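My request is simple: use the sequences and hints to build the entire structure.
Number of protein chains: 2
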Amino acid sequence: MAEKISVAQARRPEAIGKEVLLQGWVRTRRDSKGGFSFLELNDGSCLGNIQIIADNRLLNYESEVKRLTTGCSIAVEGVVQASPGREQATEVLASRIFVYGWADPEKYPLQKKRHSYEFLRTIAHLRPRTNSFGAVARVRSAMSFSIHRFFQEEGFLYIHTPIITASDCEGAGAMFRVTTLDPLSKEPRNPSQDFFGKPTYLTVSGQLEAEAYACALGKVYTFGPTFRAENSNTTRHLAEFWMVEPEAAFFELSDNMDLAERFLKRIFRDVLEQCAEDMEFFDRWVEPGLIQRLQEIIDSEFVRLTYTEAIDILQKSGETFEFPVEWGRDLQAEHERYLTEKHFRRPVILIDYPRQIKPFYMRVNDDGKTVRAMDVLLPRVGEIIGGSQREERLDVLEQRMEELGLNKENYWWYLDLRRFGTVPHSGFGLGLERALQFVTGMGNIRDVIPFPRFPGNAEF
Amino acid sequence: MAEKISVAQARRPEAIGKEVLLQGWVRTRRDSKGGFSFLELNDGSCLGNIQIIADNRLLNYESEVKRLTTGCSIAVEGVVQASPGREQATEVLASRIFVYGWADPEKYPLQKKRHSYEFLRTIAHLRPRTNSFGAVARVRSAMSFSIHRFFQEEGFLYIHTPIITASDCEGAGAMFRVTTLDPLSKEPRNPSQDFFGKPTYLTVSGQLEAEAYACALGKVYTFGPTFRAENSNTTRHLAEFWMVEPEAAFFELSDNMDLAERFLKRIFRDVLEQCAEDMEFFDRWVEPGLIQRLQEIIDSEFVRLTYTEAIDILQKSGETFEFPVEWGRDLQAEHERYLTEKHFRRPVILIDYPRQIKPFYMRVNDDGKTVRAMDVLLPRVGEIIGGSQREERLDVLEQRMEELGLNKENYWWYLDLRRFGTVPHSGFGLGLERALQFVTGMGNIRDVIPFPRFPGNAEF
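As given, the protein sequences belong to chains Y and S, one line each in that order.
The first sequence begins at 1 in the UniProt record's numbering and counts up by one.
The second sequence begins at 1 in the UniProt record's numbering and counts up by one.
If you are wondering where the hints come from, they were derived from the structure by calculation, not from laboratory data.
Please read all numbers here as calculations on a predicted model, not as lab measurements.
Only true hints are included.
Counterexamples of contact, computed for chain Y against chain S with all Cβ distances above 12 Å:
1. Pro13
2. Val79
3. Ala82
4. Pro84
5. Phe268
6. Glu287
7. Arg293
8. Ser317
9. Trp327
10. Asp366
11. Val381
12. Glu403
Here chain Y is said to cover these stretches of chain S; the calculated rule only asks that three of the stretch's residues, wherever they fall, bring their Cβ under 8 Å from a Cβ of chain Y:
13. 97-104
14. 155-162
15. 173-179
16. 422-434
Think of the CB as a built atom: it goes at the ideal place given N, C-alpha and C, for glycine as much as any other residue.
Listed below in structure tokens is the structure:
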């Protein structure tokens, strides 16, 4: 009786001698003289294919096997044997091939050639059948699970913060409206007729709600979708993306920095270990040197310095920057890249930014001019993590909100966290897709999420 | 130097003799004669508190310690010692107590008494500070992580299907509109002015998109938020909830049933093992017998039978039902409960439902009258999982869509999955909150999600 196994299992030398059942999709067929054919079979369990040897003793060899083309789905029964080829350890000598489905080569859009990423974006439902997008999917899954394991092992509770929200993480970005009213209707309406009885939006961050749980249960994290209704058509922006946001009570900024550094190293290491074949693919075809670059980050100690020190370094660098370097202005990508790529040549954590360029919830330092912000910068991409120690002092927080013209009534519950048993606490956010771009080398963020959402695009 | 540890760690006998730093919130203070006080301290790491012994040798004993009330946040340095009490193994003799934040007992809503769930829903930002909601949060986190571990260990890839969607999992329910147009404006507008250039909605299911990935990569699962814009004010409905949906290529319905049974048993077992103290709390205060009921399910073999057989059993039962039992009608809760609680006294998987009561994507059986649907029913709650083998035959699927009046053009990409290399495949969906209600015994679904969304409610 044939054992049902995956292509990944069948490619291991331990499988040699086994009678197996494999199921998957034909990548290519090559006919040889003497009445036999080679099929490359893939089932998504790994990047590589397994070679199937099909010969004319198969009852359907002429009628079906020789008609198989890229994309056809089949089952193969046969014996795993050592492969004489250098590129694979095993192959399967088929004793039976069953065809589930055909893929008319005149119509099937994925043929054996390289397709542009632009074209593949128009068939997002089929692109996981390619090497690149299969690899992205496996790395995305491995990284997501690594994120969960890291935080669970560190004693953080996974919290689901709301997606539909009436509040706003202080203008983190433009928001989508969520409504049951027809936006195209011309009938007079008022907000009380809407589903929630008031205007509601898609969340831009789970931070504020995560703070409520951290201020009750200690260490928590969210990991869910977040949204920006910005009209950005860049390779770094999506309207819908996934974000992981840890938040920990009794964490000062140094604890937060330690956590972020351990976290990044852990997810990079897990992906390198668990997706070795996929990572070699990206290193070879997408960004040469990728694996070494990740390994260097894992082995490095992140530099930690203040924004003020960074400004000083930049001003004394002798470099010509497009944007001015001046205390009180935000750093631009070129500045961040100078610090990580030229000056320090490793990851940098910048802290203590000017209060005027950071949101209301960041803790004000004793100098009154800076806040306990923290940005983690990586070579080539700049900021990958943004976070802070939060302002836990009710009076200071209220003063900051007044400064910024925020309506305190909208934040009554957030202020309650400071009113009752307030504690020092800190957290940060990592955009999953930015991290995936960094790890895979994929240039366009639309290619590291299954069905990207951007202006004008919500097909599928 | 005191070691910073959690309350959970300090409660274990291994901690005895250690000099520790604990940080958390005061649950109660009790003063004793002779100049000392007992504080119950909780930090969310577990349900139970640790007892702190504070005496008048502390410099701030009179000025601060004796003013501590429920909800105050403190740090405690001291030595863990064996407790003479029967209810706990350890206690901490404080050498220093630092107060982070006060909680004015005149204003702090959580006092030492039982509060109603209704009241606690109005302070969803503070309710995780109670025993019940802390326990729910820990169980929710443990169950969510167990879900990930189960599927990862079974070789499933975690796929993020889109939240904003232009398609619709065939009327699974009313949908929220997502828009950047102001629904209250009276200006004339058309859909092309909206962010995505067409009407878009919040997803009701990731199934269709998960099928695209299963038909490329084999075994996948989604786990994310889903939405229903239904005006339901019940203890079993939310407008926003989390759903896990596995989808596997080359899975027939029997594989799907095996997966669902293994899956439920695994997540119940993990919660019982990993949240033992929380589960004892629910068993004692929320639903007596809970743990035994879960253990029985873990130990049982689920009954499998067809809808038609179930109708026969119900008709011959001699029971008086409120709703009629008739082939072709959907089963009601009373029917499901009769099967699981009285007739079989264990979980039941019902398959092969009449085609007219199930969606277009379920595989039509050879009898032409039934489809390969599968509902997993549990005692007391009825359906907890719904799934099916999917229709992989293009012609049959198109015919079903015509029958139901669906516009095939909207599903072009879904039909492509059958046009090119189609394969038998199956999947199911589990609502996380329904599973949590079952496992904790919590009666109202609004109490098993941090910030519930229901008609008229999107505060916080």
